[in-house]
Amino acid sequence: MKKLIFLFLIIFVMFINHGCGGSTLGNTGFSTYTDPEKSYIDDAWYIYNKGNYASAKQKFNSMLESNLSAKQEADTYCGLGFATAMEEGILESKEYFEKAKDNNADAKVGLAAYYLSLADKTQFYKGIKELEELGIQNVDKKYSPSNNNDLNSAKVHTLLGLLYYYSGRFNEAYEQFNAAKTINEPSPDSNIKAVTDAFISNTGMTK
Amino acid sequence: MLKNTLILIVFAIIFNSVCFAELPKVIRLAITDPTPNNSHGAFLPSYFKAGMLMIEIEFNKDMDNKVKLTEKNRVLLTFSGGQTLPVTKGEYITSTYWVGAVDENTIISNYSHNGKIYLTVDGAIDTEGQKIKSEKSAIYYLDISPRFSTPKIFPNPVSPHDYIVSVDSSEELQAPPQLMIRGKVVEMKAISALSFIGTIHLNDDSVSVTQLRVSGTDLQGNVGHWPESIDDFPVSAPRRVR
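Chains as they are written, first to last, in this note's numbering: chain A, 1 to 207; chain B, 1001 to 1242.
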């Protein structure tokens, strides 16, 4: 009887995976999805993570011709934003992040990064607003990316710290840099550590 | 009678040489700026740029050139904040004329702001072994070219190929400084009166601060650079400024 139930379960799982909505084997080669658009977006992120930003852009762009849900469209524009940032510079990414930000947290982070790189003191508050809407001002806030990219809590807190710092809000900047340093990330980024250390020293404050 | 007169004359000569001998003194003490095109000097008396300071001292008597004025703080610059800087380069060009120099790097390492300065001379000795009375110059206005902090360059935390460069200036500039990295110009913007940032997209995983060059012009038209590269003023070939 137990064997029969086990067999039934295996057949049921196979049916779920292959029987509904068709099967799309992504470029990853090791996962299957029920939603072809989602799979396509994930494939584009996979290409992005391999460093092939031009191909990733092409793939994200071709997605826009599909019939996408609002969430999928946001994911696609967000991907376009980050791929464009890596290939041409984040100053070219603004319109993509703008289109995605209402349905994609990563796009809000991307837009905040755009405002930092814009290096315009009259615009930093806009980047701060995007991150504060995600609750990043809370130093305990852990950030998980909405897409398959390498955003993490340390990067996002550092970004907010820099925006605060260049806005002259040194106390808040100091808190964010410390949060970025102390937050537990699986693979700490040496660049982030160097930036936070340098700016903590710049704020003239010590723990 | 004649004998008494002679005694009186000899006595008068001795008395005069002992009591009224001419003491050594400074008859001219000047800081001059041999930098060309010092147009501000036409509008502000005693104004000079601090690229190269030439110090001239003229004495009324032959001086003992074995007594080095470059030692024991004998020639001393005093800044408005009270800091002092001994002049350690200089020599007697003639027995009555001494020229010294201070290069800008030496000044900057001691004092990094525009402000008033004056010069004092003390301890010079003439060939008869007589010491001068301490002499103080007029007040001068020192206009140092702008200094720049070592620039910071770091990647945007979420866009690693977009580098952010920040630099601070020691004084207000006519415009944000020009920053170049590997021959590319980075547009800098003012964050405050003395702080500037700019961004540049580079398809590199790492960029070193040693690849940066910064230059900017202060409100008086002095140009400063980072890194600094100012040659010492050639003391051995002074130019006398009248």
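These aren't lab readings, by the way, just hints derived from the structure by calculation.
C-beta: ideal position from N, C-alpha, C; glycine also.
Any given hint could be a false lead.
Claimed, not checked - Using C-beta positions, here's what the derived DEER-type ranges look like:
| hint | chain 1 | residue 1 | chain 2 | residue 2 | range |
| --- | --- | --- | --- | --- | --- |
| 1 | B | ARG1182 | A | GLY51 | 17 to 27 angstroms |
| 2 | B | SER1149 | A | THR122 | 39 to 49 angstroms |
| 3 | A | PHE170 | B | GLY1082 | 39 to 49 angstroms |
| 4 | A | ASP150 | B | LYS1184 | 22 to 32 angstroms |
| 5 | B | PRO1086 | A | GLY135 | 52 to 62 angstroms |
| 6 | A | GLU98 | B | GLN1211 | 30 to 40 angstroms |
| 7 | A | ALA198 | B | ALA1175 | 22 to 32 angstroms |
Hints versus structure:
About 21 angstroms separates the C-beta atoms of ARG1182 of chain B and GLY51 of chain A, a value consistent with the hinted range of 17 to 27 angstroms. Restraint check, SER1149 of chain B to THR122 of chain A: a C-beta distance of roughly 23 angstroms breaks the suggested window 39 to 49 angstroms. For the hinted restraint 39 to 49 angstroms between PHE170 of chain A and GLY1082 of chain B, the CB-CB distance of approximately 30 angstroms leaves it violated. Range check, ASP150 of chain A to LYS1184 of chain B: Cβ separation about 26 angstroms, and the 22 to 32 angstroms hint holds.
Remark: the range hint 52 to 62 angstroms for PRO1086 of chain B to GLY135 of chain A is upheld by a beta-carbon distance near 59 angstroms. Separation of GLU98 of chain A from GLN1211 of chain B is about 33 angstroms and conforms to the stated range, judged on CB atoms against 30 to 40 angstroms. For ALA198 of chain A and ALA1175 of chain B, the Cβ-Cβ distance of about 26 angstroms falls inside the hinted range of 22 to 32 angstroms, so the restraint holds.
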